[in-house]
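Undergrad: Take a look at the letters that make up each chain.
2 protein chains.
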Amino acid sequence: MKDKGVEYEYIEEDLANKSPLLLQSNAVHKKVPVILHNGKSVAESLIILEYIDETWKENPLLPQDPYERALARFWARFIDEKCVIAIWEATVVQGEEKVKAVEAALESVAFLENHIQGKKFFGGEKIGYLDIVAGWITHWLNVLEELGDIEILNAEKFPSLHEWKQNFIQTSTVKDCIPPREKVVDYFSFGINYMRSLKANKE
Amino acid sequence: MKDKGVEYEYIEEDLANKSPLLLQSNAVHKKVPVILHNGKSVAESLIILEYIDETWKENPLLPQDPYERALARFWARFIDEKCVIAIWEATVVQGEEKVKAVEAALESVAFLENHIQGKKFFGGEKIGYLDIVAGWITHWLNVLEELGDIEILNAEKFPSLHEWKQNFIQTSTVKDCIPPREKVVDYFSFGINYMRSLKANKE
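Chain order of the listed sequences is X and D.
Residue 176 in UniProt numbering is what sits at position 176 of the first sequence, and the numbering runs on without skipping anything.
Residue 143 in UniProt numbering is what sits at position 143 of the second sequence, and the numbering runs on without skipping anything.
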């Protein structure tokens, strides 16, 4: 929204105690994020980004060419589904399964390394749709690595992604949006313990 | 493509023996569908539909209003992820788990029933993006119901969806695209047996 120069109010949700506003705005999935605009609500991060891009047309987030748009959407889904899930799995699992899970996570990140090679941002010279989708890599991933005792974003293995990370966090519109690290740690510690206890109960 | 009046060639893939063309066109997921156009390839059904809509602008598939577009995209993902997976699960599982799995599938279909109520098509007066995304319900679902020994699209429970199904299959551009039933049966029989054998080996 900052890139678009649009005023907005950020409402934080306590995910352990979801507000009636959230439950009503996203009755299907009951999840954040949700954007409220003109008395209507739009849910799911990738869909919200396209909504923002189509509603406020200045500083487009997606490329203009249909093929480039399709490519951006393809990689967005890849990040949002494959990468997130593979890295989360590698973080949570323990014991023998861990080696395989880390390998799968590295494999998915290698596709991104390949895609960002030679570019400052996924969007080219400036931050675009795909940079925002991949943004969590810059401030969540190192927390997951620490809590899960894994190494994913090794600078030698993934030099282009590493450079992109530096470019991304130095961008003025990003700097102010990054959540405080201790909040991210709390959030994921809870999630990891919860998933592990579920798994332990199943065995 | 027929709705757009665009000439195309349909290339069938033997999924047990994927062609080099498929493996090269969708190197990440190695899955159909893929569209080849101007020497480039675009993969994943929802992304292909948006690519087609943005490349050939006559007879738009998506609505024009940003909020309506977001809504169509939201339900497309819901169908493509939640519904498909819930119905597939209900088809495959056996024994005690089946009751719960069927309930979950019915729950996801109930959201669609709610969304189509009062409309001829998801797209309004004519077939649009979401109708195409939901199209499998009209020619795959009854095969899954039969093979999985379940009932999902009960006409009394889901009268609006049932009516939509009739409207959809009577549409001229749809009629010629529906695959022969025996092919669908073969394809899913193989998939169901495969999933069940995987599960049996795990237990």
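Quick caveat, the hints were computed from the structure, so don't treat them as lab data.
Some hints here could point you the wrong way.
Straight-line alpha carbon distances no greater than 20 Å define the calculated PhoX-like cross-link-like pairs of lysine-lysine that follow [to be verified]:
hint, chain 1, residue 1, chain 2, residue 2
1, X, Lys57, D, Lys98
2, X, Lys31, D, Lys82
3, D, Lys202, X, Lys199
4, X, Lys202, D, Lys82
5, X, Lys82, X, Lys4
Undergrad: Now look at each hint and say whether the structure bears it out.
TA: Hints versus structure:
1. Distance restraint check for X/Lys57 and D/Lys98: the Cα-Cα separation of roughly 48 Å exceeds the 20 Å cut-off, and the hinted pair is therefore not satisfied.
2. Our distance criterion of 20 Å between C-alpha atoms is met by X/Lys31 and D/Lys82, whose separation comes to about 14 Å.
3. Taking the CA atoms of D/Lys202 and X/Lys199, the gap is about 16 Å. The hint holds against a cut of 20 Å.
4. The hinted pair formed by X/Lys202 and D/Lys82 fails the criterion: a straight-line CA distance of about 24 Å is larger than 20 Å.
5. Restraint check: the Cα-Cα separation between X/Lys82 and X/Lys4 comes to about 29 Å, which exceeds 20 Å; the hinted pair is violated.
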